[in-house]
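**Student:** Each chain is listed here by its residues.
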Amino acid sequence: MENTNKLNTNVPLEYQTETGKLNILGFWIFLGAEVALFSTLYAAYFALKDGVMEGPLPIDVFDFNYTIIMTIVLLTSSFTSGLAIHEMRRNNIKAMVVWLIITLLFGAGFLYMEIAEFIHLVHSGATLGTNALWSSFYLLTGTHGVHVAIGIVWITLIIFQALKRGLTPDTAKKVFVSSLYWHFLDFVWIFVFTGVYLLGMVK
Amino acid sequence: METENKNVQANRFPWSQVIGFLLSIVLTFAAVWVGKITDLSYSQIAIIVFAIAFIQAAVQLFMFMHVTEGEQGKWQLGKMFSAAFFAIVIVAGSVWVMNSMH
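As they're listed, the protein sequences go chains A and B. If you use our numbering, the first sequence corresponds to residues 2 to 204, in order. If you use our numbering, the second sequence corresponds to residues 28 to 129, in order.
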């Protein structure tokens, strides 16, 4: 599979091989499919949220300041992930790894806060089985949370590989693609925050 | 190639990330302000905060993910536009159908 690879040293490492270029384009197409996945979950939440009769309402159980902190934590991790790529392109693998680890720590912090929030919600009577609003809420936020968890494991493995093999067109591509994934998690969260939490607190 | 020049400016300060980060924070709090502090109606608030969310999504795409970067930049951007179209059709379509059903 690597046979068509020609090096072009004017471009960043991750774009230097045909495989790298195609993998990056392919990953954008995957992200397009992920948009469709989250759209369906989002659509389910919006279609169902006003049709429930019993169970607590979002406005009664959400702690909005807590959600703002979660949002800032994930946003910051997206920023530090971008800085990791910036350092990767300066061929500074140490700084890249440091920023990636900071990214993962923020990601883990977000996940911890989300799980703590779910526990709080369940204790407030909003469980997966309460009604259609909360079922679709947990499905949407849970799918996003699972993506964050997968991203943490994935990027951790990539850090080990990059440290072992150094920055090559192959490892650089993996770091780059995983950073696209990480930015995408924040991309999705923007809409969850706006549509579910912020609008859930209005009126 | 112009796309290549864009890629080579790697030794500078990461302006695009820093500006993108500041913009995202400002836009997040702008949405919170519109939703929590102003006295607009629910539908007015919904339109404004979703407009802000789309701007923020664009900030992620252009300033963090550099969607137009690389030889396939146009395809990447096209893919994201088609994904945005699908998303709007799925979400707005579902809500419309479910709310006009009964």
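Just so you know, not all the hints are guaranteed correct.
Said to hold, decoys possible - Pairs of lysine to aspartate or glutamate residues, derived as EDC-like cross-links and limited to a Cα-Cα distance of at most 16 Å, are as follows:
#1 B/K106 <-> A/D61
#2 B/K63 <-> A/D61
#3 B/K63 <-> A/D64
#4 A/K22 <-> B/D66
Said to hold, decoys possible - Coverage of chain A stretches by chain B, computed from C-beta distances (three or more under 8 Å per stretch; other residues unrestricted):
#5 99 to 110
#6 122 to 130
#7 191 to 203
As the list claims (entries may be wrong) - Covered stretches of chain B (in silico footprint by chain A; criterion: 3 or more residues with CB under 8 Å from a CB of chain A, positions within the stretch not fixed):
#8 53 to 59
#9 69 to 76
#10 79 to 89
#11 99 to 105
#12 114 to 120
No lab work stands behind these hints, which were simulated from the structure alone. Here a beta-carbon is modelled for each residue, glycine too, at the ideal position from N, C-alpha and C.
**Student:** A separate judgement is required for each hint: does it hold in the structure or not?
**Tutor:** Verification of the hints:
1. Among the hinted pairs, B/K106 with A/D61 is inconsistent with the structure: their alpha-carbon atoms are about 39 Å apart, more than 16 Å.
2. Only pairs whose Cα atoms come within 16 Å are accepted, and B/K63 paired with A/D61 is accepted, the gap being roughly 15 Å.
3. Proximity of B/K63 to A/D64 is assessed by CA-CA distance (about 13 Å); at most 16 Å being required, the pair is judged to hold.
4. Of the supplied pair hints, the one linking A/K22 and B/D66 is violated, its CA atoms being roughly 49 Å apart against a limit of 16 Å.
5. Counting residues of the region 99 to 110 of chain A whose CB falls under 8 Å from any CB of chain B gives 0; the rule of at least 3 is not met.
6. Taking a C-beta to C-beta cut-off of 8 Å, the region 122 to 130 of chain A contributes 0 residues in contact with chain B, too few for the three needed, and the coverage statement is violated.
7. Requiring three or more residues with a Cβ within less than 8 Å of a Cβ of chain B, the coverage given for the region 191 to 203 of chain A holds, as 9 such residues are present.
8. Chain A is given as covering the region 53 to 59 of chain B, and this holds because 3 residues of the stretch bring a CB closer than 8 Å to a CB of that chain, at least three being needed.
9. Residues of the region 69 to 76 of chain B with a Cβ under 8 Å from some Cβ of chain A number 4, which satisfies the need for three, so the listed coverage holds.
10. For the region 79 to 89 of chain B, the proposed coverage by chain A is satisfied: 6 residues have a C-beta within less than 8 Å of a C-beta in that chain, meeting the threshold of three.
11. Beta-carbon proximity to chain A at under 8 Å applies to 3 residues in the region 99 to 105 of chain B; the threshold of 3 is reached and the given coverage holds.
12. Counting residues of the region 114 to 120 of chain B whose CB falls under 8 Å from any CB of chain A gives 4; the rule of at least 3 is met.
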